[in-house]
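Novice: Under UniProt numbering, read the sequence shown as residues 1 to 53, first letter to last.
The set of hints was computed from the structure by calculation and includes no laboratory data.
Remember, it's a predicted structure, so these values are computed and weren't measured experimentally.
Glycine included, C-beta positions come from ideal geometry on N, C-alpha and C.
Check the hints yourself; a few may be wrong.
Stated by the list, open to error - Computed spacing ranges between beta-carbons, pair by pair:
(1) Arg48 x Val12: 16 to 22 Å
(2) Leu44 x Gly15: 27 to 33 Å
(3) Met19 x Gly52: 33 to 39 Å
(4) Ile53 x Ala20: 36 to 42 Å
(5) Gln24 x Gly52: 39 to 45 Å
(6) Ser5 x Arg26: 39 to 45 Å
(7) Arg49 x Ser25: 16 to 22 Å
(8) Leu16 x Leu47: 17 to 23 Å
(9) Pro45 x Pro21: 15 to 21 Å
(10) Phe51 x Pro3: 20 to 26 Å
(11) Phe8 x Arg49: 32 to 38 Å
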Amino acid sequence: MDPVSTVFYAVVCGGLAAMAPSFQSRAARLVVGTVTGIIAATLLPLLRRAFGI
């Protein structure tokens with residue numbers, strides 16, 4: 001897993017989630033988005049290998 005892509009996904013997803021109105025607290029949205037980005041960056045290489053891309 002590439003740490004640069006993990007940080008990139010975390011920042012992008014966290015920033016986008018911070019602007020979404022689904023949670024009332026901006027901090028909660030930021031945390032959920034950051035965790036989503038980390039999970040996405042972690043799973044992406046595994047999925048790419050599984051599908052042979």
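Novice: All hints, please: hold or fail.
Specialist: Consistency of the hints with the structure:
Restraint check, Arg48 to Val12: a C-beta distance of roughly 18 Å satisfies the suggested window 16 to 22 Å. At roughly 18 Å, the beta-carbon separation of Leu44 and Gly15 lies outside the given 27 to 33 Å, and the hint is violated. Hint check: Met19 to Gly52, Cβ distance near 36 Å, so the stated range 33 to 39 Å holds. Under the hint 36 to 42 Å, the C-beta atoms of Ile53 and Ala20, about 29 Å apart, miss the expected range.
At about 43 Å, the beta-carbon gap between Gln24 and Gly52 stays in the expected band of 39 to 45 Å. Remark: the range hint 39 to 45 Å for Ser5 to Arg26 is contradicted by a beta-carbon distance near 25 Å. Checked against the hint of 16 to 22 Å, the pair Arg49 and Ser25 fails, with Cβ atoms roughly 37 Å apart. Under the hint 17 to 23 Å, the C-beta atoms of Leu16 and Leu47, about 21 Å apart, fit the expected range.
The beta-carbon spacing between Pro45 and Pro21, approximately 32 Å, falls outside the hinted interval of 15 to 21 Å. Range check, Phe51 to Pro3: about 23 Å between beta-carbon atoms, so the 20 to 26 Å window is met. Taking the beta carbon of each, Phe8 and Arg49 are about 20 Å apart, not inside 32 to 38 Å as hinted.
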